[in-house]
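Asker: These are the residues of each chain, in order.
There are 2 protein chains.
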Amino acid sequence: MPGANDRTRTDDLLITNELLYQLSYIGRQEAALETPRSKNAENNPESRPVSIDRLKTRLARIKDLHAAAAVLDWDQETYMPSGGTEARARQLATLQELAHELFTSDETGSLLDGARPGTEIDADLVRVVREDFDRARRVPSDLVARFARETSLAREGWQKARSDNDFRRFAPHLGTIVALCIERAEALGYPEHRYDALVEEYEKGMTTAELRRVFGDLRTRLVPIVQAMAAAPPIDDRVLFRAYPVDAQRGLTETILAQIGYDFSRGRQDVSAHPFTTSFSIDDVRVTTRFDGRFFPSAFFGSLHEAGHGMYEQGIDRALEGTPLADGTSLGMHESQSRLWENLVGRSLPFWEGRFADLRAAFPEATSDQTPQSFWRAVNRVQPSCIRVEADEVTYNLHIMLRFELETRLVEGSLAVKDVPEAWNAAMEDYLGIRPPNDADGCLQDIHWSSGILGYFPTYALGNLASVQLWNAAVRDLGDLDDAVRRGDFGPLLAWMREHVHRWGRRRTAGRILEASTGSGLDASPWLGYVRRKYGELYATAL
Amino acid sequence: MPGANDRTRTDDLLITNELLYQLSYIGRQEAALETPRSKNAENNPESRPVSIDRLKTRLARIKDLHAAAAVLDWDQETYMPSGGTEARARQLATLQELAHELFTSDETGSLLDGARPGTEIDADLVRVVREDFDRARRVPSDLVARFARETSLAREGWQKARSDNDFRRFAPHLGTIVALCIERAEALGYPEHRYDALVEEYEKGMTTAELRRVFGDLRTRLVPIVQAMAAAPPIDDRVLFRAYPVDAQRGLTETILAQIGYDFSRGRQDVSAHPFTTSFSIDDVRVTTRFDGRFFPSAFFGSLHEAGHGMYEQGIDRALEGTPLADGTSLGMHESQSRLWENLVGRSLPFWEGRFADLRAAFPEATSDQTPQSFWRAVNRVQPSCIRVEADEVTYNLHIMLRFELETRLVEGSLAVKDVPEAWNAAMEDYLGIRPPNDADGCLQDIHWSSGILGYFPTYALGNLASVQLWNAAVRDLGDLDDAVRRGDFGPLLAWMREHVHRWGRRRTAGRILEASTGSGLDASPWLGYVRRKYGELYATAL
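Each protein sequence line maps, in turn, to chains A and B.
Numbering-wise (my numbering), the first sequence opens with residue 14 and increments by one.
Numbering-wise (my numbering), the second sequence opens with residue 14 and increments by one.
No wet-lab data here; the hints were simulated from the structure.
No experiment lies behind these values; they were computed from the predicted model shown.
Careful, some of the hints might be misleading.
Claimed, not checked - Covered, in the sense of this in silico footprint (three residues per stretch, anywhere, with C-beta under 8 Å from a C-beta of chain A), are these stretches of chain B:
id: 1; segment: 65–78
id: 2; segment: 89–100
id: 3; segment: 103–115
id: 4; segment: 267–281
id: 5; segment: 287–297
Unchecked claim - Sample of chain B residues facing chain A (criterion: CB under 7 Å; computed from the structure):
id: 6; residue: Val84
id: 7; residue: Leu201
id: 8; residue: Gly202
What the hints assert, rightly or not - Just some of the chain B residues that point at chain A, by a computed CB distance under 10 Å:
id: 9; residue: Ala81
id: 10; residue: Ala82
id: 11; residue: Leu85
id: 12; residue: Glu334
id: 13; residue: Ala529
id: 14; residue: Ser533
Using N, Cα and C, we set each Cβ at its ideal position, and we do this for glycine too.
All chains, full assembly: derive it from the sequences and hints.
Answerer: Here is the structure:
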């Protein structure tokens, strides 16, 4: 619409959005369409009806709406003034609603039916989008509506319950959430276990049965390790709580991110209350971090973690740009990449041997009495604690086991909501040998359930396990990586991840990527082996 | 679509955009719809059929798309990494295309036909949107398409022509642009002069006849003033070219912006190559500026200028939020607000008497030999020059006269494109007594024509004239403002602008706002009187 608002200004030129549109949108549309068009040309147009291009154009439009929503969300978390909140919620709602309408419409369905893919990528595209489409259409809109209403109430209830430390205030909400998740699972359908339908949302192809196999094995072998470490003399990590000037932290994180291969010409790092990674295209993938002037690990390992997510998104095959395939294949595989750079690289001795000079230069006072060895020890302190997000590399997975078991039992109906606190605390005692002082530090600590999100937690542990499987496969192919990590030569490792993981986007499931690159399926043993070696040395104890 | 991309992360929670949508969009939609609903209640629902609400919901959706495009554009100008350019163009195209489709659809037309407004605001809404709708539908889409193609070629041609300083390379493009603008004008229709149709796009209700009357009067009386000033001894403004550390400039501009009433809780200032103002809602209006460490006025007056635009947008009646009425009414009125704060306030002696201590504190070295009076003189140096965007307060309008006359003659057909350079240079000599050394500093200096934008230039001069008419009316109502400006008490002046200009949004045209608040229509005399007084004193010459 004319009028001076929503405007763009070039030099002192102020033009309306509607005019801008009239001036430029068609040129832009043509630019946007060119890529698919030229691709088709290469791939012998005769072999492919136009419908696949119409499907792609439609999907690209939907992708653009999701990307725009992601930009608005990034802005909200980083720079938006407080006054903008209300309008931003409306704007995000409109973008997501339009994207959903476009995607779930009959038109998309018939374009899918008519699509005759002429290339392997197009074949994968049609297959994956068909699965997404069928899933999206299986959930009745009234269920979506009730889900949205109940979760917004539940989030309030959860916040109150957590601040009052009173589970009973959250219990009724959790009851409703579980019932809705069951209804959702029944609507979506599942091979064997109701929980399969929920896991599928975050980890395509993963089943409850396989999770039980892998997690069961992991738990039995991990608990004794944690007990043995708890018996060993603790590591002194007080150095981490000294003064670390924020500007120096910013500089160091940016240096390290560039070193490991996060491409700042196709991304940037900003500050937000809760660190996250977001992608607007393969060539614009941004990370955020949070600086604590009195605690070193918060920003440093947070940045490495997000950069791991970010490099995954930056590494997707450009041929997938603008399609739903240009995306991490699962949350577990995504977490494998963030954990790989945060833990296997960032918490390794060679890494600190190589980076120590930079650390000293950035924080001469805080680190004056440190050696690479002592600092490496400090960032690897293991201590059972109640809060998952503060858990160390070793105990973290046990927090996940516990949640997985409670969630499956809730969804099966073999655990009553009222019994959750006791079940939680008992498991904490079994696995970690500690009992939460209260429910706020126990079963009320996570936002997930109040947001209606069940089936998500396992992906954190899957990421941890897969990160070691992938690392071992990279070492098998590239030879020992310690020297390279020490030298700061992360190119070969990143190239290996690009080749075997990143470039595929959603063309392959996490399971298939793991099989193809490591030769085996999900397995807890490699991770356990890594923990035994590393922490056996750190704690001078046979684990 | 599922998949980990386009995601939002809360704490360490990573959720897909599609899931986010399922979790929250309905709640958000309800929040979005609530406002109009409750309003209706107040305004006696019986009196209004639901269709007005359906119209408003549709318009709100369109507004959300424009706002989202504005956020993406702001991001592109401020923070986007270079890699993001290509995808960003596609994303903007999609948003603008969807907004245009939604707005120009038959559905919008029938909602307009069926709308029975029950309040004055709704009546204005239907009237204004009907005008926008009819205009938008009058331009055939093939013309929009040709316009877009030709202008993108023309912009390239213009850039080449300007860098090679060879008008002949641009001439054919300009010929096409003029022909398309004529075709556009004929499609849109006009009361009297073809040029009316083009002006209407930027300055609703303004006509070529009135522009000729006002500008003719202005030109005849201004040229002798400029000649008299050129004869007077020049002002020494070398102080402006000293070292002004950027951080201190940032601090000072933010302090002054907050002082004059730009609300940082509903906006922010960032840096971009070309300063601009953009609005995502009445409560999120952002400005940008550009810092030059060796030239004071660039950022300082640029910030004041943009804040003037920004305060206009921040001052719109909240009852108009989410509608097309929540917008500056015209580019001329918008410019009146930016010029008022930049020139009438920011370049006044009382302003510098009051701000001088802050200036000294921010730049002790650069300003050590200055007095309020000497600095005020420096920022008001008048000197005829070839480049419009560098022109001073007095000569600026003559650059506009010239462009207005050439544009009208081009559109009438009484000036051939090939004769533009000579016509330009002759007019420069008549009005400013200088002749451009080349076309790059002459008729090739502006981006407007190459972007297909004719009819826009007059709004700059309208803003200058209106700014003084509004200032005088404010003084008439509030009494002399010099003391308040000196004290830094800008509240009354801003409140007056809010009451008489800002709050109306697009409910009233610029002409009606001017009539209602000043008691007269557009008139050059007040501005000429202001120039005579101010510059007569500065140059100690009777003007």
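Asker: Against this structure, judge whether each hint is valid.
Answerer: Hints versus structure:
1. For a cut-off of 8 Å, the count of residues in the segment 65–78 of chain B with a CB near a CB of chain A stands at 6, and the three-residue condition holds.
2. Taking a C-beta to C-beta cut-off of 8 Å, the segment 89–100 of chain B contributes 8 residues in contact with chain A, enough for the three needed, and the coverage statement holds.
3. For the segment 103–115 of chain B, the proposed coverage by chain A is satisfied: 11 residues have a C-beta within less than 8 Å of a C-beta in that chain, meeting the threshold of three.
4. By the rule of at least three residues with a Cβ nearer than 8 Å to a Cβ of chain A, the coverage given for the segment 267–281 of chain B holds, with 6 such residues.
5. Restraint check on the segment 287–297 of chain B versus chain A: 11 residues with Cβ-Cβ distances below 8 Å, three needed, restraint holds.
6. The beta carbon of B/Val84 is positioned within 7 Å of a beta carbon in chain A (closest approach about 5 Å), and the interface hint is therefore held.
7. For B/Leu201, the shortest C-beta to C-beta distance to chain A is roughly 11 Å, which exceeds 7 Å, and the interface hint is violated.
8. Interface hint status for B/Gly202: violated, as the beta-carbon distance to the closest one in chain A is roughly 15 Å, over 7 Å.
9. Hint on B/Ala81 holds. Least Cβ distance to chain A is approximately 5 Å, under the 10 Å limit.
10. Interface hint at B/Ala82: satisfied, since its Cβ lies 6 Å from the closest Cβ of chain A, which is below the 10 Å cut-off.
11. The closest approach between the C-beta of B/Leu85 and any C-beta of chain A is roughly 6 Å, which is under the 10 Å cut-off, so the hint is satisfied.
12. A least Cβ separation of about 7 Å between B/Glu334 and chain A falls short of the 10 Å threshold, and the interface hint therefore holds.
13. Violation of the interface hint for B/Ala529 is found here, the shortest Cβ-Cβ separation to chain A being roughly 19 Å, above the 10 Å cut-off.
14. Given hint, B/Ser533 at the interface with chain A, is violated; its Cβ is 23 Å from that chain's nearest Cβ, farther than 10 Å.
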